[in-house]
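Chemist: Modelling step: build the complete structure from the supplied sequences, incorporating the hints.
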Amino acid sequence: MDINEFMMLTDEDIDYSSLSVDILKGLALGDELFIATSALGELSRRNSSVAVSTAWEILLNSRGDCYLQAAALETIFEYDQEKALTYISEQVPKCNTYILNSILEIMIENEFVFKSKNVSSLVSIVLQRVKGLDSTTQYPEPEVIDNFLNMYSNIKNTQVVDALT
Amino acid sequence: MFEVTQFQVKTGKTVACARKGKVLVALTKVEIYAMGKVAMYPYEELRELQQMKQTARKEFDNNPENEERLKKIKDLKHNYERSQAMLKAIKCVGLADTVDDINMIILHLLSVGERVTVETRVDYPSIIEGRNNQLKVYSTWAVLEDDIKYLSTIRFTPELGE
Numbered sequence: 413m414d415i416n417e418f419m420m421l422t423d424e425d426i427d428y429s430s431l432s433v434d435i436l437k438g439l440a441l442g443d444e445l446f447i448a449t450s451a452l453g454e455l456s457r458r459n460s461s462v463a464v465s466t467a468w469e470i471l472l473n474s475r476g477d478c479y480l481q482a483a484a485l486e487t488i489f490e491y492d493q494e495k496a497l498t499y500i501s502e503q504v505p506k507c508n509t510y511i512l513n514s515i516l517e518i519m520i521e522n523e524f525v526f527k528s529k530n531v532s533s534l535v536s537i538v539l540q541r542v543k544g545l546d547s548t549t550q551y552p553e554p555e556v557i558d559n560f561l562n563m564y565s566n567i568k569n570t571q572v573v574d575a576l577t
Numbered sequence: 072m073f074e075v076t077q078f079q080v081k082t083g084k085t086v087a088c089a090r091k092g093k094v095l096v097a098l099t100k101v102e103i104y105a106m107g108k109v110a111m112y113p114y115e116e117l118r119e120l121q122q123m124k125q126t127a128r129k130e131f132d133n134n135p136e137n138e139e140r141l142k143k144i145k146d147l148k149h150n151y152e153r154s155q156a157m158l159k160a161i162k163c164v165g166l167a168d169t170v171d172d173i174n175m176i177i178l179h180l181l182s183v184g185e186r187v188t189v190e191t192r193v194d195y196p197s198i199i200e201g202r203n204n205q206l207k208v209y210s211t212w213a214v215l216e217d218d219i220k221y222l223s224t225i226r227f228t229p230e231l232g233e
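Residue numbers (our numbering), protein chains in the order written: chain A, 413 to 577; chain B, 72 to 233.
All clues stand as given, with none of them false.
SDA-like cross-link-like pairs, simulated, lysine to any residue; straight-line CA separation at most 20 Å:
no., chain 1, residue 1, chain 2, residue 2
1, A, K495, A, K506
2, A, K506, A, L472
3, B, K108, A, L421
4, B, K148, A, I520
5, B, K91, B, M72
6, B, K148, A, N559
7, B, K129, A, E523
Hints listed in this document are in silico derivations from the structure and should not be mistaken for laboratory results.
Modeler: If you want it as structure tokens, here you go:
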């Protein structure tokens, strides 16, 4: 079946587990964003190298919207932490707040990675962004911010200074 | 108003579409996606898995299905949040999840589809007049055999978080 025909269906109509890796990649990079998000998820469960390259193409070209890009970042972090950390350090000062929410969730779930010495400056940059958020913003979710600050605020005093100098 | 037809895809599945000439808009893309009706993700299960990954990592990693399930729920969440954001954008301009407003949006999209070409099919900009503001719409279309234009996706701007 042609990629375009899948995009006529709704996300719920598609059995992603029955699709080939090539079709999943085409859908993940396709125009229909609900389908793209689910296809990328299935791809990441099926083939990590294609999932990472597809997710990277989404982030590099800002394809889709913030929801698809958040899913792409989560996929990359799962399989290629170095690439994800580079993206996060470059984008965190300016990224969409929904993507920031995903970054905070990644950091909360993977504390051991972010408390290692070589990424401590990245933690500081994220802390700066979180502290500078408008209090009326919908994202990051309050619960996520609380968890993040509980986990990381104790290291901010020394490392924020390091990160900014 | 507009004609509703059942468009058959090769899987045999039929999709209910609004039709105007050679332009097709699947009703669910407006009625479900844009009206915030994508199903809610399992919130409690998500929080439990995240908590387990955070505080009992060895136990979490011992069962690979935990990570798979966590990723799956996050994908459901992304689609749910996108749908909610679309509804919020609709409400912001004074429109609502009503038959009249849904039909008005579908009619707008059918008119847009008539103007779209192969060159302009991606993120075609248009404006829907709400009751108290304008809704900026970017629609992307598939151009099928026999020059049939089929709505692939719609985005409203600004997106939340921008």
